[in-house]
Every structure is written in C-alpha cells, then in structure tokens.
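Protein chains: 10
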Amino acid sequence: MLFHVRMDVAIPRDLDPAERDRLVAREKARALQLQEHGIWVHLWRVVGAYSNISVFDVQDTGELHDLLWSLPLFPFMRVEVTALTEHPSTQRAGQTVAEPTVRPPHT
Amino acid sequence: MLFHVRMDVAIPRDLDPAERDRLVAREKARALQLQEHGIWVHLWRVVGAYSNISVFDVQDTGELHDLLWSLPLFPFMRVEVTALTEHPSTQRAGQTVAEPTVRPPHT
Amino acid sequence: MLFHVRMDVAIPRDLDPAERDRLVAREKARALQLQEHGIWVHLWRVVGAYSNISVFDVQDTGELHDLLWSLPLFPFMRVEVTALTEHPSTQRAGQTVAEPTVRPPHT
Amino acid sequence: MLFHVRMDVAIPRDLDPAERDRLVAREKARALQLQEHGIWVHLWRVVGAYSNISVFDVQDTGELHDLLWSLPLFPFMRVEVTALTEHPSTQRAGQTVAEPTVRPPHT
Amino acid sequence: MLFHVRMDVAIPRDLDPAERDRLVAREKARALQLQEHGIWVHLWRVVGAYSNISVFDVQDTGELHDLLWSLPLFPFMRVEVTALTEHPSTQRAGQTVAEPTVRPPHT
Amino acid sequence: MLFHVRMDVAIPRDLDPAERDRLVAREKARALQLQEHGIWVHLWRVVGAYSNISVFDVQDTGELHDLLWSLPLFPFMRVEVTALTEHPSTQRAGQTVAEPTVRPPHT
Amino acid sequence: MLFHVRMDVAIPRDLDPAERDRLVAREKARALQLQEHGIWVHLWRVVGAYSNISVFDVQDTGELHDLLWSLPLFPFMRVEVTALTEHPSTQRAGQTVAEPTVRPPHT
Amino acid sequence: MLFHVRMDVAIPRDLDPAERDRLVAREKARALQLQEHGIWVHLWRVVGAYSNISVFDVQDTGELHDLLWSLPLFPFMRVEVTALTEHPSTQRAGQTVAEPTVRPPHT
Amino acid sequence: MLFHVRMDVAIPRDLDPAERDRLVAREKARALQLQEHGIWVHLWRVVGAYSNISVFDVQDTGELHDLLWSLPLFPFMRVEVTALTEHPSTQRAGQTVAEPTVRPPHT
Amino acid sequence: MLFHVRMDVAIPRDLDPAERDRLVAREKARALQLQEHGIWVHLWRVVGAYSNISVFDVQDTGELHDLLWSLPLFPFMRVEVTALTEHPSTQRAGQTVAEPTVRPPHT
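Chains as they are written, first to last, in the UniProt record's numbering: chain A, 1 to 107; chain B, 1 to 107; chain C, 1 to 107; chain D, 1 to 107; chain E, 1 to 107; chain F, 1 to 107; chain G, 1 to 107; chain H, 1 to 107; chain I, 1 to 107; chain J, 1 to 107.
Calculated from the structure, these hints are not laboratory results.
Each hint should be verified, as a subset may be incorrect.
What the hints assert, rightly or not - Subject to a maximum C-alpha distance of 20 Å in a straight line, what follows is the list of computed SDA-like cross-link-like pairs (lysine to any residue):
{"no.": "1", "chain 1": "H", "residue 1": "K28", "chain 2": "H", "residue 2": "I39"}
{"no.": "2", "chain 1": "D", "residue 1": "K28", "chain 2": "D", "residue 2": "D60"}
{"no.": "3", "chain 1": "B", "residue 1": "K28", "chain 2": "B", "residue 2": "A18"}
{"no.": "4", "chain 1": "F", "residue 1": "K28", "chain 2": "H", "residue 2": "I39"}
{"no.": "5", "chain 1": "A", "residue 1": "K28", "chain 2": "G", "residue 2": "V58"}
{"no.": "6", "chain 1": "E", "residue 1": "K28", "chain 2": "D", "residue 2": "S54"}
{"no.": "7", "chain 1": "D", "residue 1": "K28", "chain 2": "E", "residue 2": "E86"}
{"no.": "8", "chain 1": "I", "residue 1": "K28", "chain 2": "I", "residue 2": "P17"}
{"no.": "9", "chain 1": "C", "residue 1": "K28", "chain 2": "B", "residue 2": "D66"}
{"no.": "10", "chain 1": "J", "residue 1": "K28", "chain 2": "J", "residue 2": "A10"}
{"no.": "11", "chain 1": "G", "residue 1": "K28", "chain 2": "B", "residue 2": "D66"}
{"no.": "12", "chain 1": "J", "residue 1": "K28", "chain 2": "J", "residue 2": "G38"}
{"no.": "13", "chain 1": "H", "residue 1": "K28", "chain 2": "E", "residue 2": "D66"}
{"no.": "14", "chain 1": "G", "residue 1": "K28", "chain 2": "G", "residue 2": "D66"}
{"no.": "15", "chain 1": "G", "residue 1": "K28", "chain 2": "A", "residue 2": "D66"}
{"no.": "16", "chain 1": "C", "residue 1": "K28", "chain 2": "A", "residue 2": "D66"}
{"no.": "17", "chain 1": "C", "residue 1": "K28", "chain 2": "C", "residue 2": "R92"}
What the hints assert, rightly or not - Some chain A residues well away from chain G (every beta-carbon gap over 10 Å; in silico):
{"no.": "18", "residue": "E27"}
{"no.": "19", "residue": "A31"}
{"no.": "20", "residue": "L67"}
{"no.": "21", "residue": "L84"}
{"no.": "22", "residue": "E86"}
{"no.": "23", "residue": "P88"}
{"no.": "24", "residue": "S89"}
Glycine is no exception: its CB is placed at the ideal position from the N, C-alpha and C atoms.
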C-alpha cells in the first residue's frame, strides 16, 4: 500500500555540528536500509530545497507512522502524508482495475 | 486501518430537485450500509456546514478510494483524507504500544 | 455534546529533558484518566506528525476549555476545535433525527 | 453556552428577485424571533461586506446546527463557528472563575 | 461605535515568570477597568486557545488603537480588528434602520 | 476618522453591457461626489487589476458601511476594510501625539 | 530529468457526456502511450480525489510543457509542477553523488 | 509615481533597549525628513498593530527600494509593495484620463 | 524601470470560439509589438499552466497599468505585479551600485 | 533550459557579523561568476525586500539544485522554483514554435 510523503527538513543552526553530522549519517543509513527492504520505494530531492518527495510501500498506517517517527531527522521535519492508490490509466491497472465511470467532480 | 475524512458538500443549485433528492437518499442508504459493515465507523455533522467528519476502517487505501469515489454525492464533494494510527496514550495502546521516546519535533 | 479537536504538539528543543519526560508522562496519565471518565472519547495519532485528532464528550464549552487548558502539554500545542453534532445518516439518527430537507448550500 | 458565528452571504445574481426578497424577509423575521427568544444574543453587520458576526446562546451544538441549517439564507452562506467560554477577566468571572495559572502557550 | 477584536496571545517561555504574572495581572485589571467604563463591552475566551474575542465601543479609531497599544500584553499579541455597524435585522434596528434593498453581492 | 479600503471589482461577463456601462458611470459619478464632499479622500488604481485602494474620512463605521453598500458596483466587489489612525511619525503628529513608548510587539 | 506533477481534475458538469467520455478515453490512451515511451514514469491516484500524482522523465521543460498542454483533460486541470533531482540517500546515488555537506537551512 | 507600502514591524525582544530607542528615534526622524521632501506622502498607523500603511511618491523603483532598505527599522519589517496609478474616477483624472472602456475582468 | 508580472489566463469555456481565437491572435500581435518596442522585455511560459511570467520596462506605473489593461485577454487574467530594481550582485551593478551594507532582515 | 527562482533571504541577527559579511561577499562573487558563465542569466532585486527574482539557464534539474545548494546564503533562504519554457508569443518563437491551439483551461 503506497503513501506519498513530502519531508521539509530544517535543522536548527545551533545544533552541535557533530550531532548534526551523526543524525544526517544515521538518516542516510536508515534511508538506504528501508530502500533495500523495498519499503522506501521512491526518494527524490526537491530542487532548491532541503526537502524530499518519497513514496513508501507499507502494510498499514501504523507501520508508516512508526517508520517516519523513527527517522533520526524526524524532530526537524515538517511531514505531509498523502494516501495513494492505483490509477486506472496505468499499464498494470489497464488489465485489472476498471474505475467506476468517471463522473464530473464538483466544479 | 483508520482514515479520518472530512467531506464538504456543495450541491449545485441548478441540479434537478428530484435528482438531488435521489442522490441524497442514495447517499444516506450507502452511509447506513457502510456503517452496518463496520467500515464507516464514525460519522458526525460539522456544526453550521453541509460537511461531515468521518472515520473509516478499511483494508487499504484502494478500498477507501473506491468507497469514496462511489458515494453518490462524491462529484459534489471536497474531500480531505488524513491517515490515522493508534495513539500511545489510548487505553488499548496502554497495554500494547510503546511509542519510541517522544523527541521534540521541529519547533 | 461532541467536539472534534486537533492538537499539533511542538515541544521546544531547549526544554529540560527531564521536564519534558515529566510533562509527556503527566499528559499520558491525564489522557488515560479522561478516557476512563468517558470525556476523551476518541484519540488517534495523525500519521507522520506529533499531532492527534480527538473527540471530546463534554457538558459545555467551558468544560472543554478548562480541560484543554489544563493539559500538561497545552503550552506547546496549536489547538483547532470543531463543534460536532449528530449526522442524519447515522444508524442512531436513522430512528430519531429527521434533518430539514437538504437544500443545496451556496455553490 | 455561547458560540461566535460569522456568516458571509452571497446570494446568486440569477435567483428570482421575488424569491430573494422573500428569503431576505424570512431571514429577518427569523433573526428577530431568535433574538426575542434570547438565542441570537448578538448580531452585528461587518462593515463593507454582506456578512454578519453573531453570538448564539444555545443548549448544545445540535440546537446551534439545526438553527443555522434552518436559516432561509443558509444555502447561500459561508459559516464559521467558534466555541466561546467565559473569560477570566470579565467582571462576572471576577467573582466566580479562577482560570488555572496562565502558562505561556507555545511560541 | 463598535469594533470586533480578536487577540491571540503568546507569551514567550523565557519571559521572567514574575514579570509574566505582573503583566497578566495588570492586563486583567486593565480589562476590568475598561469594562467598567463601558468601553470593553464584550470579552469572551476562545475555547482551546490563549485567545479572546472582544467588542469595544469607542469614540474613534484613535481611541481603539491607543487602548489596544496600551494593553500590558500587547507586545505578545496578534490582533485582528473588524469594524462593525448595526445590522438591519436587530430588534433595535427594526425600528430605526432600513438598509437599502439587499442586492446580491458578487458571487 | 480614516478607513483604508481595498475594492476588487469583478463584473460578471453576462451582465447586459448597457447595464454595466450605466453602473460604471453611476459608480464614477458617486465617487466624484464623495470626493467633493471630502469623504472619499484618496482613490488610487492598483496597477494591473480592476481594483482600487481608497481612504475614506467618515464620522463612524455606520456611515462607511452605508456608503460602501450604496456603491453601484458593490454587488460585484470584494471589499477589505482596515481602520487607520494617526501615525506618531507624521509631521502633524509631531506636535500633538506622543505614542506610548514603543515596546517590541510579539516576535 | 524528473518532474513531479500533481493534477487536480474538475470536468464541468455541463460538458456533453459523450464529449466527456471521449476526453477521458483519449486521456487514458495518451497516458498509456506516454508510459510505454518511458516518459510518464509514475502515475498514482490520490485517495478521495479526482487527482493524480505523477512523475515524468523528460528531456527538458519544453517537452514537459507541450506534453501537459496536449493532454485531453488539460483544460480542466489545475497543475502543480515540482522539479526533482537525485537524492543523495538513494541507493543509486550512494555510489555516485556526494552532496556538499548538509548545512542547516534557514530555520 | 506612487507606491502603496504596508510595513509590519516586529522588533526582537532581546534587542538592547537603548539600541531599540535609537533605531525608533532615527526611524521617526527619517520619516519626518522624507515627508518634508514630499516623498513619503502618506503615513497612517494600522489600528491595533505595530504596522503602517504608507504611500510614497518616487522617481522610480530603485529610489523606493533604496529608501525602504535604508530605513533604520527595515531589518525588522515585513514590507508589501503595491504599484499605484491614477484612478479614472478621481477629480483630477476627470479632466485628463479616460480609461479604456471598462471590460468585465475574469470572474 | 522594470516590473515582474505573472499572468494566469483562464478563458471561459462558453466564450464563442471565433471570438476566443480573435482575442488570442490580437494578444499575440500585441505581445510581439510591445517586444519590438522594447517594453515587454521578457516573456516566458510557465510549464504546465496557461500562465506567463514577464518583465516589462516602462516609464512609470501608469504606462504599465494602461498596457496591461489594454491586453485583449486582460478580462480573463489574474495579474500579479512585483516592482524590481537592480540587484547589487549583477555585473552591471558591480561597477555602479553599492547597496548599503546588508543588515540582517527581520527573522 | 530556463528556471525562474525567487530567493527570500533572512540572515539570523545573531550570526557573527564578520561571518555574515564573508557569506555576503562570497554570495556576490558566486553570483558574478555564474553570470559570467551564462548560467545566472537574470538577477533582479525585489523592491522593499531582501529577496531576488532570478532566471537560470541550466542543463538539467540536478545542475540547478547543486548550484542553489552551493550558494553561501542557501542555508538562510526560502527558495521557490518555477520551470519555464518558451512562450509562443515571443519574437523568437514567432518563427519556430506553434503552440497547439489554445483551448480554454478550466475556469
């Protein structure tokens, strides 16, 4: 099950530099680990910002929360979570998913 | 798995009154049905607005999307979805869930 | 009488760690107490944030205010209160409440 | 129990003028009636806008919702509800209410 | 002449506690004084926030400004001022004020 | 007593052209009249928008409201009113007004 | 080169149903085509909305613009484009990209 | 050439009081000077805020920028600049400026 | 003198197609003309939107306003104007402009 | 390939003045260098703010990100990136680019 997550990071200037480097290194290690486990499936840098846009594949919302909450840089993040599902116009969906006829949403 | 959903409804004035009543009736029937199935677990009216705040218990995000997309009034709704998980300070959680020590989020 | 409350918590980094742990522990105890008294009727964690969405059942607005104001973490919270009432499409309401015919709100 | 309500009215131009005058007249009659019953306790016009700021004294949120929902102009209103309670610095409160010591909210 | 004022207070955590108590006490005394003089005509606490909604009856905008500017907690407030006038649907207005026919504002 | 007013005008396309020209002409005549009476003391066009920024000198808020409400284009305006008062750093104020010492507002 | 694009679709209710179905079908065909060409690399449905979050791999901004502009549903979309680049904590980047030491962005 | 400028001032609490008084005094002197030179043509205090609304008459944007940038309190200001031009409904314009027929902006 | 202008265009669907094509053609001709006169000095398309970002070089604000107001598509535009001036770090400025020492703006 | 970038700079007051001057000087040198290389093609100061509006001509998004991330003042900037492409109404485009017929975007 997929979740789109934007993380805007702002590490306080007065954080001890060594502590910051430790946190950043642990964050990077954790990210690589979660990618290896097929959980952190997409991770992109937003151009011009200390932010990323990611997609997580998790069993449920509890797993996603614990995962985000455990990120070393979590205390310095603004996190926005958007639930995703399969889009009817994807190749994979082409075979399986027929979305109810598209009715014109409220305009 | 729980999702918090706010729905703000605005049915266009020029919708045929009979069609509107049909939609509203089908919406009510669908809501009652989903409550009976234990999916629509909470449904409250927001005071002073044609809006509701609901909580859904679903298997995954796909089920939630299809369910919302199939609501008769969906085309006239603005929908805001927030993923929920168990809070460590709930009675149930008291026995089971120990949230990692609370670190001060970014301030 | 029900109120929907979202609390976004941001404990300052420079708060003495022992004081923070005390506050968090007292907050948890207070939350469990109010749940036992049937006042704090719902408490969920918002995924990816140090925030909760709650529903309180209180006698009046004064009780809700005093309750929120007395939470140990109140000084570090951004609180959003939404008044709720029974929705005409709930099972309970099915028997009792007939909402005036739904007229199309302003679009 | 007091609620602060802001109502921003926007009657569609293409509403039949006679119907509009009827609605406005019924709205005025309803407002006068609710004032006589001590429910609509304050009603002011916001300068430069077809909006009002009001204070309602109601038994509970259900009564407030039904009252607002039943206003003839409700379908053409944007409504914002804020729950109020007694302020510790009011003359009346001076005798009765001692608010827990004011701790500095989150800054 | 009436003005609606919302004040959101946020006293910095690092303000000397004794100084804070002095300010809060002086603020309360000032509020009581202005209420006695019939200037601060309404003062309510916003539920769940260190905020108030007030109505002031003043001679002119200069008096309102000086009054707000002189409040002990003014340096720690976010203040929103809305000019009010008599609403044509109030009982008092019923006898005196006939608002020009209500034309449909821009929608 | 001075009020700063921003008016954003949006005349619907489907308004009968002759009616629009009549309204615009009456609006212009009314503006010139109010300027002659020293009430509409400043009127500037916002560059790139069908908007103006104005300053009105009125006796009280009621006069300002009636004046705005009576503008021919009022039904097609979004109006923002800001109460003004004399600034202590103006030449006129230099002689008369000594603002209480400037304390640092909340930062 | 990757771009993150959110598309919020709102097809007007008064669009001829046959025309709408044609547009939706052509949109789906175009999406499948671009996916086959490896340009539309990710396409997800946002839960509860007639919206998608996509990632495009294009040669340059001109190609992205022409592509979006040519989508059958483009006239009924609100489009938000975010430029992406490789994140230093991705597995691929692990070998190649060493981001300049992370300095604490403005807080 | 006229520019409308809103300045919201927030002097940090921890600024040395003597330095703050010096800055405020120099700001006042500068404002008086620019008024005498007919550059700072209007200066009003926004009621209830440490803010002013001003109108500057300058040769070009460079002059306005240098002037604002050189204000002693500039480092503690949030500045909003709006370009103004003559309104066709002003008395002066009545003789000179005939604005192209007013077409209904986008609604 | 330079002004940065963003124009978001939204031509109503129900505009007669021939009229729309005429307007678009006249808009294009006007844009080319103003570019030839060195007034419309930069014109870029915002990727994914019917919007442009432009820079105009004009004598004064009046000229800019008349120019924008006279654009054939002006009635269907949302226009945002930002006054620009020379930046001290430009090559040209390198020789001429020494900006007063940069003091830290309000943070 | 062009990108429009707005940078709002806010250097913390408590940054060592010498360090600030060093950063500002290095920022200026870097800006001049990138202008010489034809990468930083436009750089304007926003009137009344410690902000600039720039246009960069880069090979891809990665180059833009690294460039922005390496700016000495990046840690104290809020950066907004907008992808640009050639506008069909530019002189250059006049010869080459024929944009698909302009269909009325969603209104």
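query: Which of the numbered hints above does this structure break?
result: 2, 4, 5, 6, 9, 15, 17, 18, 19, 21, 22, 23, 24
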